[in-house]
Amino acid sequence: MHPTDTNGLPTPPKIAVIDLWKSFGGKQVLKGVNLTIWPGESLVIVGGSGAGKSVLLKHLIGLIHPDSGHIIVDGEDLACAEPERCLAIRRKFGMSFQEGALFDSMTVFDNIAFPLRRHTPMSEAEIAQRVRECLALVHLSGVEHKMPAQLSGGMRRRVGFARAIALKPEILLFDEPNTGLDPITAAAIDRVIIEMRDKMPVTMVTITHDMTSAFRIADRLAMLRDGKIVAVAPPEEFRQLPDPYVQGFLAGQPVEEEVA
Amino acid sequence: MKLMARLFEFWGRRWLAVFEEVGRFFYVLHSTLLWTFRRPFDGKEWVRQMVRVGVESVPVVGLTALFTGMVLALQTYRGFARFHAEAFVASVVSLSLTRELAQVLAALMIAGRIGSSYAAELGTMRVTEQIDALYAMAVEPIHYLVVPRVAAATLMLPFLVAFADGIGVLGGYSVAVGLLGANPVVYWEKTFQFLDLNDVFSGLIKAGVFGLILSVTGCSKGFFTTGGAEGVGRSTTAAVVMASLIILLSDFFLTKILF
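Residue numbers (the working numbering), protein chains in the order written: chain A, 1 to 260; chain B, 261 to 519.
Rather than coming from a laboratory, the hints here were simulated on the basis of the structure. There could be a bad hint or two in this list.
[Claimed, not checked] Among the chain A residues that face chain B by a calculated CB cut under 10 Å, a handful are:
no. : residue
1   : 93
2   : 94
3   : 102
4   : 163
5   : 212
Glycine is no exception: its CB is placed at the ideal position from the N, C-alpha and C atoms.
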């Protein structure tokens, strides 16, 4: 399955993960991950707790360096890039963290304005305009002057989204956007993600273990198990996969060998 | 045999931890120096941190210096009186304060006040992924967080120590003249008689080095925090203990070089 552009030529992948290995303190977490992410798609990586999803996601943006293997973003290897080049590649990304990771010493406004002030020559008026736009996209308004500690978990996460999209990134990464939220808030978060996907020309990578949400937001699903990608498929095909682990995951039932 | 292996393993781990700690310290020091001279220059943050280290530490450092000067005068007066050398109390007070006590005590107080808060702040930011978020926004955390903090401590400590020198001397004066009946004119004269400008300046240089040590220790402890809230607590304690120890050890060697 290789997407093509309007002239029928093959599109280069947005991100290519090639034979990625990583261990922590003697424990092998990633064991040769291979994954291709195409421009404009929404890929969801699912997998059990401790499967290495977060580690994989953090590799994509260079927060963790691989023991071996390559991450190629738009044809550039993240590992070989000079520090300056590495920062430039990172600017293509926006990342939303599990608990939001908002700067707790700043207001919501300053949190979202932070990357703009840091990386753009925009005036304060333009920044204020952009902050309002970003907050509107995540259906929040009137919270600009609150501190992160005054917000609920779901709101904090949405502010995190707003901060991630402030610089209009080409790639958005979501680290467990739904974990620990009630079903209604989780659905609202999913809706925000789907709207962002539809309104912006952006490539999205989400990791989650919430299958309902995964099926809602994914163009393709990838299953990470035991440090490897064991299946990649569009949602409908994914449901039909014969792999007992995938079926167990979908049904929310223990798989025999896992229980042992 | 098994016991031997366990023993080697135990000490091996200890040594590894020491090397790791030293490596982290110099990694933070090195990258801080590299990033200090890169744009964008965050003037507002520098000033904010300098106010925190400098202005807000004035009461603590002032009180410490005042009572150190007072007790120094009291003790040396009692001792020197035994061989009728009371006149030199003033010289002892001014020399020991400017050359040694003011900067060491100030640095230890600031290590407790500022080094610990650096470790706690950066540690909390680490465990709540705020440092990762900075990386993800293509902002180097060393540049944004560590540089202003280290610069503030390194630049402000000499000022604090200069202030402590003055307050300490005044403390000694007030006890000697007010309490012990020393002649104010003679006391004042003796204070400066043996005091070289070099004494004061080398003291201030030491103060700057101590500022660098305590801030880099605090920041590196915080920066490499793992293990949630408990980890932040451990980092904070370790930052103060380590900074205090390094300050006391390096004090000896610096004194040997500078004086």
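query: For this structure, which hints from the list above don't hold up?
result: 5
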